[in-house]
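Asker: Read off the chains here:
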Amino acid sequence: MSDVVLDVQNLRVEFPTRKGVLTAVDDISLQIRRGEILGMVGESGAGKSMTGMSILGLLEPPGRIAVGTIHLSGDRIDNLDDRGMQAVRGRRIGAIFQDPLTSLNPLFRVGDQLVETIRLHTDLDRTGARERAKDLMREVGIPAVEERIDSYPHQFSGGMRQRIVIALALCAEPELIVADEPTTALDVSIQAQITALLKRLCRERGTAVMLVTHDMGVIAETADRVAVMYAGRLAEIGSVDDLVRRPRHPYTTGLMGSIPSLRREVEELQMIPGSMPRLNAIPKGCAFNPRCSHAGARCRQEVPRIPDTATTGAACWLAQTGTTVTQGEPA
Amino acid sequence: MTLRQNAILEVDALERRFDVSAPWLNRLIERKPRRTLRAVDGVDFVIKRGQTLALVGESGCGKSTIAKLVTGLHAPSGGKISFYGDRDRLQMIFQDPFASLNPRWRVARIIAEPLRTLRPETPAAEVSARVDELLRTVGLAPADGLKFPHEFSGGQRQRISIARALAGEPEFLVCDEPTSALDVSVQAQVLNLMKRLQKEMDLTYLFISHDLSVVRHMADVIAVMYLGRIVEIQPTADLFDNPLHPYTRLLLDTIPDLEAPCRDRSPMVGEVPSPVSPPPGCSFHPRCPLAFDRCRSERPQRRASVHNRRVACFAAEEGSSDVQ
Ligand SMILES: Nc1ncnc2c1ncn2[C@@H]1O[C@H](COP(=O)(O)OP(=O)(O)OP(=O)(O)O)[C@@H](O)[C@H]1O
Ligand SMILES: Nc1ncnc2c1ncn2[C@@H]1O[C@H](COP(=O)(O)OP(=O)(O)OP(=O)(O)O)[C@@H](O)[C@H]1O
Ligand code: SF4
Ligand code: SF4
Ligand SMILES: [Mg+2]
Ligand SMILES: [Mg+2]
Chain A
1 MSDVVLDVQN LRVEFPTRKG VLTAVDDISL QIRRGEILGM VGESGAGKSM
51 TGMSILGLLE PPGRIAVGTI HLSGDRIDNL DDRGMQAVRG RRIGAIFQDP
101 LTSLNPLFRV GDQLVETIRL HTDLDRTGAR ERAKDLMREV GIPAVEERID
151 SYPHQFSGGM RQRIVIALAL CAEPELIVAD EPTTALDVSI QAQITALLKR
201 LCRERGTAVM LVTHDMGVIA ETADRVAVMY AGRLAEIGSV DDLVRRPRHP
251 YTTGLMGSIP SLRREVEELQ MIPGSMPRLN AIPKGCAFNP RCSHAGARCR
301 QEVPRIPDTA TTGAACWLAQ TGTTVTQGEP A
Chain B
1 MTLRQNAILE VDALERRFDV SAPWLNRLIE RKPRRTLRAV DGVDFVIKRG
51 QTLALVGESG CGKSTIAKLV TGLHAPSGGK ISFYGDRDRL QMIFQDPFAS
101 LNPRWRVARI IAEPLRTLRP ETPAAEVSAR VDELLRTVGL APADGLKFPH
151 EFSGGQRQRI SIARALAGEP EFLVCDEPTS ALDVSVQAQV LNLMKRLQKE
201 MDLTYLFISH DLSVVRHMAD VIAVMYLGRI VEIQPTADLF DNPLHPYTRL
251 LLDTIPDLEA PCRDRSPMVG EVPSPVSPPP GCSFHPRCPL AFDRCRSERP
301 QRRASVHNRR VACFAAEEGS SDVQ
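Same order as they appear, the protein sequences are chains A and B. Just so you know, we're using our numbering here: the first sequence kicks off at 1 and counts up by one. Just so you know, we're using our numbering here: the second sequence kicks off at 1 and counts up by one.
Incorrect hints may have been included.
Computed far set for chain B versus chain A, every beta-carbon distance over 10 Å [as the list claims (entries may be wrong)]:
hint : residue
1    : F94
2    : Q187
3    : F240
4    : E259
5    : R263
Subject to a maximum C-alpha distance of 30 Å in a straight line, what follows is the list of computed BS3-like cross-link-like pairs (lysine-lysine) [stated by the list, open to error]:
hint : chain 1 : residue 1 : chain 2 : residue 2
6    : A       : K199      : A       : K134
7    : B       : K147      : A       : K284
8    : B       : K48       : A       : K19
9    : A       : K19       : A       : K284
10   : B       : K48       : B       : K68
11   : B       : K48       : B       : K80
Derived by calculation from the structure, the hints in this document are not laboratory data. Just so it is clear, the structure is predicted and the values come from calculations on it, not from any experiment. We treat Cβ as the ideally placed atom computed from N, Cα and C, and that holds for glycine.
Take these sequences, add in the hints, and give me the full structure.
Answerer: Following this line, the structure appears as structure tokens:
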């Protein structure tokens, strides 16, 4: 098990509010191995970013990890203090967010920002760090590096800025990259360039990647495994192929059916009735039960869980007791 | 021409330029010239009554500008828009259902507003009955009329926008990225609703999206845009079966396909150039694998003989006889 880079066990994130404690992430367990890309999908508010932020140690108070552990290559990181976490972030975990400008300082030339970061995490001198910065810029596909290295962030296009952010995330050769919607703000042609870049880096450097996105197409072509979140919980986790072709959780089935096809004409898209519950109104038992056409008495009482240590599984009573829901069937 | 007989909208050589020059003093001091951005640069298409024409293309290609020209929010700098319907029955649905709903108004008042504008003399009881009916039409309950927009989810808010648009008894709806801010499962609800309403009320849609799979699902005819121009326009099935323009082909080859995932897809090279100084000739030539000399100096025209099946590309023109 030595190639497990990220090991999250029973993670629970809470937000204490005046009206009570909200649970944004509820009992999430997952692992990512060396060189593996784990996709995280789910609708808005499902808890994808909160999971990523917990791993990065960037939860905004009063949000807090209430239960669970996070290990990075065997070292526990969820209980580190701010300084300890700061050392891990940047050096051992890189972060890429949707808006590249959150990671770049608009007042400094990109080259200087890269050099600073490299010097912070390595013992290279200024000249060495500048050479390394140029190498990284070339590696992420910035053309004419000599001319561009002294430009400011606003002088780059959105796609080029995101490349710079990836270069920044790579400065310290991190073991893990958490990428939260890295291509959502970009055009399709640029999006494909960035995901191809992430895939190549992951393959060549053995970096583990957590890729948060709402785009199932991107997941299908980029990730090795995928975790589906619903109302703060894991609904299903497994290989991309299994989840796309043989989804087991009725929510995953519904999700797949609701995506318009590029190849076929369909008169009507499949619909999941209703909407995801708010954090203060999560139903008892399976959180999906009010929208699920298979829901039975057990679903309204007991919370289904993915068995411990499972790398594949669905948090669904129906799926766990042997019946599989196929894609053609109405959810 | 049978096709034009039931046309509801005809757009002809439409242009919209924006002045993006630096302020006058800066221009004087730094000796910078005036700069013009051609957001829409000679666009034409026809929409038939009861049909959906989709505009698709990457960010900044001019889709929203066309929407604003058609709805009259912008004035054209050139060309002509002929609308053969009732201008008062043209409505618009925007991308962000929250920004476009007044947060201080109850939903019933929001929905009633276009109705009151259209027919100010309508008795209050009739207005409220109509609002209840509209709420039911879009899958909400009459009781929801008493709530405020923030009490609804994104998909529900977009339903409220649709109910509001329907209150104006539209015959023509301009929909600018109506589901782009929504989750796929919610998007499915809104798209199904829009299709159903189109059938029931014989609505015509100008449907804007950057998502080719959404456009495939919704449109009868698709116009692919690049840098302010339509590079190709075809009936939906034909566009997917036989894309003619190199940009369309690359786009179709680039987008991830859930049903046939390709894990080593090679992405399109380069980026969309600045619309302030677009490349000469065919503006796609710096990224086009088929570009030859003529493409760098001469601008390809879409051949105007047949409507709704045209391509602006020298290679496609020379290389295929199936372009009519
Ligand atoms: N400061 C906070 N206080 C209370 N609840 C919060 C706070 N921040 C986030 N939440 C809630 O936590 C839940 C999970 O949010 P999260 O940002 O992880 O969602 P997400 O899956 O990343 O969604 P999206 O696709 O919209 O980015 C949401 O319901 C959100 O409203
Ligand atoms: N009021 C304006 N002043 C100056 N330039 C403008 C104005 N409105 C739009 N533009 C420019 O015109 C071009 C077309 O913009 P438009 O909003 O129509 O694109 P779009 O296709 O809708 O893009 P997106 O997919 O990002 O919404 C862009 O380069 C944009 O920056
Ligand atoms: S546990 Fe029950 S309600 Fe939940 S998804 Fe499975 S069948 Fe549906
Ligand atoms: S006209 Fe030339 S450059 Fe433009 S798309 Fe056709 S082949 Fe490519
Ligand atoms: Mg998020
Ligand atoms: Mg737009």
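Asker: For every hint, state whether the structure bears it out.
Answerer: Here is what the structure says about each hint:
{"no.": "1", "hint": "F94", "result": "holds, 18 Å"}
{"no.": "2", "hint": "Q187", "result": "violated, 7 Å"}
{"no.": "3", "hint": "F240", "result": "violated, 8 Å"}
{"no.": "4", "hint": "E259", "result": "violated, 6 Å"}
{"no.": "5", "hint": "R263", "result": "violated, 6 Å"}
{"no.": "6", "hint": "K199(A) to K134(A)", "result": "holds, 21 Å"}
{"no.": "7", "hint": "K147(B) to K284(A)", "result": "holds, 26 Å"}
{"no.": "8", "hint": "K48(B) to K19(A)", "result": "violated, 54 Å"}
{"no.": "9", "hint": "K19(A) to K284(A)", "result": "holds, 19 Å"}
{"no.": "10", "hint": "K48(B) to K68(B)", "result": "holds, 19 Å"}
{"no.": "11", "hint": "K48(B) to K80(B)", "result": "holds, 17 Å"}
Hint compliance for this structure: hints 2, 3, 4, 5 and 8 are not met, and every other hint is.
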